[in-house]
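**Q** Assemble the complex: chain Y is given as a structure, and chain V must be docked to it using the hints.
Each chain is listed here by its residues.
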Amino acid sequence: MRSEVALVQSSIDVPGLLARAGDPAAGAVLSFVGTVRGSKQGRRVLRIEYEAYEPMARKVLERIGAEIGARWPAVAVALVHRIGRVEVGEASIAIVVAMPHRADGFAALRHGIEAVKRDLPVWKHEFFEDGAVWVQEGS
Amino acid sequence: MRIQVLCFATARDLLGTARLDLEVEAGATVEMALEVIAVRSPAIRPLLDTLRVALDEEFVSRSDVLQPGSTLALLPPVSGG
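First to last, the protein sequences are chains Y and V. Here the working numbering is used: the first residue of the first sequence is 1, the next is one more, and so on. Here the working numbering is used: the first residue of the second sequence is 140, the next is one more, and so on.
Calculated from the structure, these hints are not laboratory results. Some hints could be false.
[Stated by the list, open to error] Below, a sample of chain Y positions facing chain V; criterion: calculated Cβ distance under 10 Å:
1) E51
2) A52
3) V135
Values in this document were obtained by computation on a predicted structure and should not be read as measured data. For each residue, glycine too, the CB sits at the ideal point set by N, CA and C.
Chain Y on its own, in the form it takes in the complex (with noise of 0.2 Å):
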């Protein structure tokens, strides 16, 4: 299995990851985009800024991996996460599987981002209009 984590701080090319997780013995490539909200309860979100502990981040990035290659038969799978600065609209969050068959890849991908929300040492600062707060549950 071709493996492919990265934490980035400009857009994740997710035309990239997608070529680059094409295979002939994939018959199905799919992926996984989180993006930014504009607003969240009613209010207007200007930005986000994400921290992450780094070092960790990258392993446990790679420990979801080589999970969903240890649970299904993924020829190729790619965890990108952006940190810093990221505006509405831009994605935070690629996951890329190349399976055999679709079935898989929707379960392997569904498993990939509940890791990530659930373990991934990556935090999420909020900026409003009118203040910031750091959002303490994955969302």
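**A** Same frame as chain Y, now just chain V:
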């Protein structure tokens, strides 16, 4: 013995620093180190119930024993994705 503590997100805000050097007794557990930090900086107490901890970049439990030079990371509930 001396350990290094890394503080993230709300933990950093409450402690007013991203890292600190901490003196703990030999054989101290994670829990004992957290108590030393909370005595020094009581503002962190409300966070302790939900705080997760990592030792040298791996999640650990509070009963794990620290080694000289360990890096203890204070991880508030994560919110990536």
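**Q** Hint by hint, say whether it matches the structure.
**A** Hint check results:
1. E51: Because about 6 Å separates E51 of chain Y from the closest Cβ in chain V, which is inside the 10 Å limit, the hint holds.
2. A52: Constraint on A52 of chain Y satisfied, holds at 8 Å.
3. V135: holds (4 Å)
The earlier numbered hints are all upheld by this structure, with none contradicted.
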